[in-house]
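Visitor: Given the structure of chain H, go ahead and fit chain S onto it with the hints provided.
If you're matching them up, the sequences are chains H and S in order.
The first sequence lines up with residues 1 to 324 when you count with the working numbering.
The second sequence lines up with residues 1001 to 1324 when you count with the working numbering.
Derived by calculation from the structure, the hints in this document are not laboratory data.
The structure displayed is predicted, hence computed values, not measured ones.
Each hint should be verified, as a subset may be incorrect.
Listed next, the stretches of chain H that the computed footprint assigns to chain S, with coverage defined by at least 3 CB atoms under 8 Å from CB atoms of chain S [stated by the list, open to error]:
| # | stretch |
| --- | --- |
| 1 | 76-83 |
| 2 | 140-153 |
30 Å max Cα-Cα, derived DSS-like pairs, lysine-lysine [stated by the list, open to error]:
| # | chain 1 | residue 1 | chain 2 | residue 2 |
| --- | --- | --- | --- | --- |
| 3 | S | LYS1128 | H | LYS128 |
| 4 | H | LYS120 | S | LYS1060 |
| 5 | H | LYS308 | H | LYS14 |
| 6 | H | LYS301 | H | LYS60 |
| 7 | S | LYS1022 | H | LYS128 |
| 8 | S | LYS1120 | H | LYS116 |
| 9 | H | LYS60 | S | LYS1120 |
| 10 | S | LYS1128 | H | LYS14 |
| 11 | S | LYS1014 | H | LYS128 |
| 12 | H | LYS16 | S | LYS1128 |
Built from N, CA and C at the ideal position, the CB exists for glycine as well.
2 protein chains.
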Amino acid sequence: MITFEDALTLVSQKIKDIHYPKQPARLYEPIAYLLNLKGKKIRPALTLLAYNLYADDVQKAVNMALAWEIFHNFTLMHDDMMDLADLRRGELTVHQKWDNNTAILSGDAMLILAYKYLAKYPMNMVLKNLLDLFSITAAEICEGQEYDMQFETRTDVREEEYLNMIRLKTAVLVGACLKSGAILADADAKDQDALYDFGINIGIAFQIQDDLLDVYGNEAVFGKKIGGDILCNKKTFLLVCALNNSDEQSKTELLQWLSVHDQPDAKIKAVTELYDKLQLKKKAVAQIESYYGNALRALDKMNVAKDKQTVLTQLATELLHRTV
Amino acid sequence: MITFEDALTLVSQKIKDIHYPKQPARLYEPIAYLLNLKGKKIRPALTLLAYNLYADDVQKAVNMALAWEIFHNFTLMHDDMMDLADLRRGELTVHQKWDNNTAILSGDAMLILAYKYLAKYPMNMVLKNLLDLFSITAAEICEGQEYDMQFETRTDVREEEYLNMIRLKTAVLVGACLKSGAILADADAKDQDALYDFGINIGIAFQIQDDLLDVYGNEAVFGKKIGGDILCNKKTFLLVCALNNSDEQSKTELLQWLSVHDQPDAKIKAVTELYDKLQLKKKAVAQIESYYGNALRALDKMNVAKDKQTVLTQLATELLHRTV
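So here's chain H without its partners, still in its complex pose (with noise of 0.2 Å):
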């Protein structure tokens, strides 16, 4: 068995080695530049890991991971893009470095990309179970994409409409890295979709915890400023929750607060009060771990040796834990 250690290391020198033509230099650069921006490749490792639990020649499953590795970062290209988001993981965005048609067009390519690297698969059901799987969760992640623009200008956002978006946006792909592991290594169907449900109640927990720790998480060790969604208004589990379950006083407050621009500081304390007063962190721990208690009920359903298992039962505690 490898380790979650192992397979990010794997991964992430997988990538190093992609060859891109060299022309025009412009639209293969920016894909070099993004797929090899520091940050954990957390997703691709996942298919490995799945593949492992079942079969040992891991590097069998190599393209299948730098497809969806490939695949999330032309939707981080996109999203960033999108989002007027100026910054990824601490360097320029795709967008900014270069421009927006570069973004664009780049970020085109490596969706087809993503698409060579899954045809590299020999043509079996094998590869049909993959393409199948593969486009249905790239256009769920663009369903998912789609709300979280719409919840940008709305503020009667309902938590079960949250709780779908970030399903689609986030929890699929995760479902969808670790299952496709599982079918490479010809799993059974149940196993499959046991690992594909984990991975859906992990990722929706992760959402959830991120939407926290950018409101409760300890600056120095989460590495950004504290609060960052509230100056931006971002519909997070959190704002969702304060919308819907304030009495008519604090609401009207919190909208007040929300055409604030001007005054960052004051605005998240005030916001930060009113969750304080809704008792909302309290409420997402619950929801993180139930959903976390979800994950592990999926992993019961396994046709897979406990101590296989570990691996991802490790990972998803160390998620429920984490900090930053």
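Guide: This is chain S only, laid out in the frame that chain H set:
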């Protein structure tokens, strides 16, 4: 044998019949909008015609034809945004009717949808060849768009660079649409390549004809204002030749006109006069005829009865003499 008109009708009907998810509407409505704008669906019709050279059941080629048409419209959605185009087939472009983010994201969803249509075919070597052709062609078209954008700010584009750009941006798709029909019908590799060559040559001839009509077309017949390319300094075959073949004095004058934006009529008149002086219409017509000749010679290499080829030679001839 089906006629070209039959093929166009069949494709248009199948495009109308595409079923999209209802939600999120803002992701899927722009796809249906763009795909159903009036306008001939020539490329997917070529797939059906090529298939029909070897097999009768053209319905079997419909999913491939749809994949190409969806892919082509994905490139239009993104290119129109990159090129700041307001109109497409006389209607608002997607980024104008909705907004930029919608054009990016719906375009992404279209590219994924195109692959979904491709993946409807059984998993065998035919699909392997289709997938490879599709991804290689798609990447080349991105490269072509990249070169086209780079040419906007260059005045030293060489004629062969221009021809390579239109090969990538326009011609490879025509070649690939034809070749895919032959692949699906299990035609000989030699025939597949001959159809691809035919398409490449017709595609390049088509684009040069397009450049020519912008300057020398009949405004009433052409349906759009003559000189549009001149006004926006588009690097057409004519402008590239003019920049390469003028004496120093004419070139200086031409470069000066490129920086003029407030005297449209005078600019069109002056640039056209320079084209006349350099006899560029004659040169362009000679090029078109040369590519037309190449195209017909490519068909000669095919293992298909001459009378069956008529539908393609007729199409090529109509193209050569088209006035719109």
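Visitor: Does each hint hold? Answer for all of them.
Guide: Comparing the hints with the structure gives:
1. 76-83: Per the Cβ count (3), the hint holds.
2. 140-153: holds (count 7)
3. S:LYS1128 <-> H:LYS128: Status holds; Cα separation ~11 Å.
4. H:LYS120 <-> S:LYS1060: holds (25 Å)
5. H:LYS308 <-> H:LYS14: holds (25 Å)
6. H:LYS301 <-> H:LYS60: It holds: about 25 Å lies between the C-alpha atoms, which stays within 30 Å.
7. S:LYS1022 <-> H:LYS128: Cα-Cα ~26 Å, so holds.
8. S:LYS1120 <-> H:LYS116: holds (17 Å)
9. H:LYS60 <-> S:LYS1120: holds (25 Å)
10. S:LYS1128 <-> H:LYS14: holds (24 Å)
11. S:LYS1014 <-> H:LYS128: holds (24 Å)
12. H:LYS16 <-> S:LYS1128: At roughly 27 Å apart (the allowed maximum being 30 Å), S:LYS1128 and H:LYS16 satisfy the hint.
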